[in-house]
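Protein chains in written order, with full-length UniProt numbering: chain A, 1 to 252; chain B, 1 to 252; chain C, 1 to 252; chain D, 1 to 252.
The set of hints was computed from the structure by calculation and includes no laboratory data.
Among the clues, some could well be false.
Unchecked claim - No more than 27 Å apart at the CA atoms, straight line, and that leaves these computed lysine-lysine pairs for DSS-like:
no. : chain 1 : residue 1 : chain 2 : residue 2
1   : D       : K142      : D       : K17
2   : A       : K17       : D       : K17
3   : A       : K40       : A       : K17
4   : B       : K162      : D       : K142
5   : B       : K17       : B       : K40
6   : A       : K142      : C       : K17
7   : B       : K142      : D       : K162
8   : C       : K142      : C       : K17
9   : B       : K17       : C       : K162
10  : C       : K142      : A       : K162
What the hints assert, rightly or not - Non-contacting residues of chain C with respect to chain A, defined by C-beta distances greater than 10 Å in every case (computed):
no. : residue
11  : E87
12  : P109
13  : E155
14  : A160
15  : A164
The C-beta atom is built at its ideal place from N, Cα and C for all residues, glycine as well.
4 protein chains.
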Amino acid sequence: MGESTALRVGVLGARGKVGQAICAAVDAASDLELVAEVDKDDALDDLVAARAQVVVDFTHPDVVMGNLEFLISHGIHAIVGTTGFDEERIARVRGWLDEHPGAGVLIAPNFAIGAVLCMRFAEQAARFFDSVEIVELHHPNKADAPSGTAARTAELIGAARKAAGCADIPDATTSELDGARGAEVGGVRVHSVRLAGLVAHQEVLLGTQGETLTIRHDSLDRSSFAPGVLLGVRGISDRPGLTVGIDPFMDL
Amino acid sequence: MGESTALRVGVLGARGKVGQAICAAVDAASDLELVAEVDKDDALDDLVAARAQVVVDFTHPDVVMGNLEFLISHGIHAIVGTTGFDEERIARVRGWLDEHPGAGVLIAPNFAIGAVLCMRFAEQAARFFDSVEIVELHHPNKADAPSGTAARTAELIGAARKAAGCADIPDATTSELDGARGAEVGGVRVHSVRLAGLVAHQEVLLGTQGETLTIRHDSLDRSSFAPGVLLGVRGISDRPGLTVGIDPFMDL
Amino acid sequence: MGESTALRVGVLGARGKVGQAICAAVDAASDLELVAEVDKDDALDDLVAARAQVVVDFTHPDVVMGNLEFLISHGIHAIVGTTGFDEERIARVRGWLDEHPGAGVLIAPNFAIGAVLCMRFAEQAARFFDSVEIVELHHPNKADAPSGTAARTAELIGAARKAAGCADIPDATTSELDGARGAEVGGVRVHSVRLAGLVAHQEVLLGTQGETLTIRHDSLDRSSFAPGVLLGVRGISDRPGLTVGIDPFMDL
Amino acid sequence: MGESTALRVGVLGARGKVGQAICAAVDAASDLELVAEVDKDDALDDLVAARAQVVVDFTHPDVVMGNLEFLISHGIHAIVGTTGFDEERIARVRGWLDEHPGAGVLIAPNFAIGAVLCMRFAEQAARFFDSVEIVELHHPNKADAPSGTAARTAELIGAARKAAGCADIPDATTSELDGARGAEVGGVRVHSVRLAGLVAHQEVLLGTQGETLTIRHDSLDRSSFAPGVLLGVRGISDRPGLTVGIDPFMDL
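Construct all of the structure, not just a fragment, from the sequences and the given hints.
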């Protein structure tokens, strides 16, 4: 594909594990051209010199704000997977974007398309079923239980059921061994399995009379963010300003 | 709940297996009142005498058209699970409804809410993944393979991918034992398992780099149509005219 | 099949729900002949008059001991699904059998072949994996969590791992929402899901570096005891004396 | 752990992807000592100089026979994952072992413990169920369908059912879209799913009246051979002569 039509993409944090995977994914896409691979010892000006139109940033909370200020001020779109964005940081990014209304920034805590769809579908389906529970399964080195994604999914389900006026989830348990029925988040029971060999998995179970619906997301390796990042790269020029989360790019 | 506020519901085919289950479900719902149970030896006029506002019809293709003409002409809404509606029959029902614009008719081939959601979510998710396949599993007395629901789901997925300009699903198979890769419907591979002990189940598998999404519907007994029928009963007065399929009642 | 070769089977509690299902299963088996259907208003002597060789008892704790004393003293084999057998009752049955060494009695808390295999395979596999957890899923009317079967499975797994000198199951959880990691039985985490639409299901998950093994049992309706009962009926004449649990009849 | 008690292990093909993973696994095991890492440019004599007691060989069909002749003649045990062993090669290995009866050789086509257990349990369970089918799922770059493991599992199941005198698997299909019911191997239907994001997975479904048993193996990354290799390394000194397949080392 000629340079004239391919979208020019730069990567920040290009020599990190995630950065390398993103470079490979951009390289493999025929409608994208990888024009700059920048890491901590390189100058941000390289991105301008390479005429990057979109830059992907998977770096570090310590440097991401400087990167964003630079990109926005140069009218370069940004797709950001770096963590650590609180209200205050979000407000500062909005401020910069107000001054450069042509630039677009997508900040997402999770680029796995399947995880986003699992959450969305669970939220949509929740009000049609008497019961909903979540089982999330991860490798045994994970420190928190339940996972942040599972807790967020439970909250979305709980809110959807409340808005629809659903009855409480039925549960006749009278004799429970401590912990058997899981943790409760937003009125929804969440169970956390920790198992050697697993990566990151989540199952939302919904049930009503005579039927169940199960929505399961399996993340089998760490490259699962790549398709979501490319979705952002391709769509950002149509979405100036700040977007948080990749959902809006999916036109669900 | 007083008679004044509960919706008055009649059931046609009330002594059949399905009819009995629907009568029980209406009976158990506090916002609905079961006012007439009519079977083949009873008069349709009983429904009028009982002042039924909505009538559920799970009868037989031989009698359902007569039932519908009667109900529509009396301004009674109808929720129809009886099979055998082709284009010609649908046109006749539309004709009757044109003359009685206040009446509403819902005709659905499948009232299982989970099956409808499984199909819908698969269709929505299809364009985000490189690969999609369907595994449907039924009891071994089933005559057709794949199931009608699986074939329909595959067609919806194929159409959604075509509309989104998706690439062909990758498949490097060069050595195949006849049948191993399943049947192809709409460009999607469908596999039919027949197993003693099972009822009716369907799994849509979607995969892209490093992650998969699985949407599974399990129908564990024949009462699984009940929640969908009640959804129709409660919503039909807001939807005059003809509706085919319960999807519009679900506001997805 | 002629009377001369078919095994002559009687059923006690023949008009109960379970009893009817067993009568139907015996009736459908070409190598078995249903010669007596006895319920609470009938005489036990009917079983002798009908020359029953094996009698299936799914009755009630109040009457089962009288039934067994009668059957054993008449040299009739018994397959017993009735509950309530404690050490004392077991000892009394053994006493009767000592006096009638030709008779065989099989008492089993669970006749579902799949449940027995699930437990057995989990026990066998447990020592080869770093991690084991159990997820059991039931309808929301169940009073106890975890299920008796899940607790028993966890104990068997724990004992097998201890006997093999396995290390503790790894778990780096440092921040847990109360209950998220389930209940602990025999050193194994057990999670109890309660969901409308489900019947009785159990999944044992085993994991080690790069791979997992999952053994799942689904009980989809209450007729699942029938194949196990027939296994007992066909094998009991080769196993005089008392057998507890159907495992020995399975020659695993 | 002191050198005096740890088992001395060498690795052939040590710089290949698999070889590196095995070196890491041996290194991490406190009861094993990695004493030699040999690749194609190194001398086999290094293994003798390092006093290796067991050598793991994941090399190439072109060199494995030379390696084995060397190891056996030096009384070093061998754990072999290299492919390409036909009857003739097996016979030659047996010949060498006859002359050095103290040496042990384990040749296995599959070291994944979960895969071996999945196959074994499926074989044991097969005769208790009316129906058995296999669904195997792999990445879309796989050339053959069904997988060798699935075909072998189907043959074992078919043989077990034949030996037990099981009836044919019931199947009322009269209208089939070509391929829907899968391929038939040993009388068992096998379905091959090819999906981006997957690695290597196999599910054996067994069903009888009212219940099903599912045995599923998931291989999530290529390191899944490591635990099986270590099982071989630790057990080989107790099993002189030739062993094919790791099953005997598992004492099932």
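Practice problem: Grab the minimum beta-carbon distance between A160 (chain C) and chain A and tell me whether it stays above 10 Å. | Solution: holds (17 Å)
Quiz prompt | Non-interface claim for E87 (chain C) versus chain A (Cβ beyond 10 Å) | solution = Non-interface label on E87 (chain C) holds, nearest chain A Cβ at 23 Å vs cutoff 10 Å.
Practice problem: Decide if the proposed pair is consistent with the structure: K142 (chain C) and K162 (chain A), CA atoms, cutoff 27 Å inclusive. | Solution: holds (25 Å)
Quiz item: For the pair supplied as a hint, K142 (chain A) and K17 (chain C), is the alpha-carbon distance within the 27 Å limit?
Solution: violated (48 Å)
Quiz item: Is the Cβ of A164 (chain C) farther than 10 Å from every Cβ of chain A?
Solution: holds (16 Å)
Quiz item: Regarding the assertion that P109 (chain C) does not contact chain A, is the least Cβ-Cβ distance greater than 10 Å?
Solution: At roughly 18 Å from the nearest Cβ of chain A, P109 (chain C) sits farther out than 10 Å, so the non-interface label holds.
Quiz prompt | 10 Å cut-off, C-beta based - E155 (chain C) kept clear of every residue in chain A | solution = Fine: 12 Å to the nearest Cβ keeps E155 (chain C) off the interface.
Practice problem: Mind checking the alpha carbons of K17 (chain B) and K40 (chain B) for me, to see if they're no more than 27 Å apart? | Solution: holds (14 Å)
Practice problem: Measure nothing beyond the straight line between the CA atoms of K142 (chain B) and K162 (chain D); if it is 27 Å or shorter, mark the hint as holding. | Solution: The hint holds at about 25 Å.
Quiz item: Would the pair K17 (chain A) and K17 (chain D) pass a check requiring their Cα atoms to be no farther apart than 27 Å?
Solution: holds (18 Å)
Exercise. For the pair we were handed, K17 (chain B) and K162 (chain C), check the Cα-Cα distance against 27 Å.
Key: At roughly 52 Å apart (the allowed maximum being 27 Å), K162 (chain C) and K17 (chain B) break the hint.
Quiz item: CA of K142 (chain D) to CA of K17 (chain D), is that 27 Å or under?
Solution: With a Cα-Cα distance of about 19 Å, the restraint between K142 (chain D) and K17 (chain D) holds, given a limit of 27 Å.
The structure fails hints 6 and 9 (numbered hints given earlier, in ascending order).
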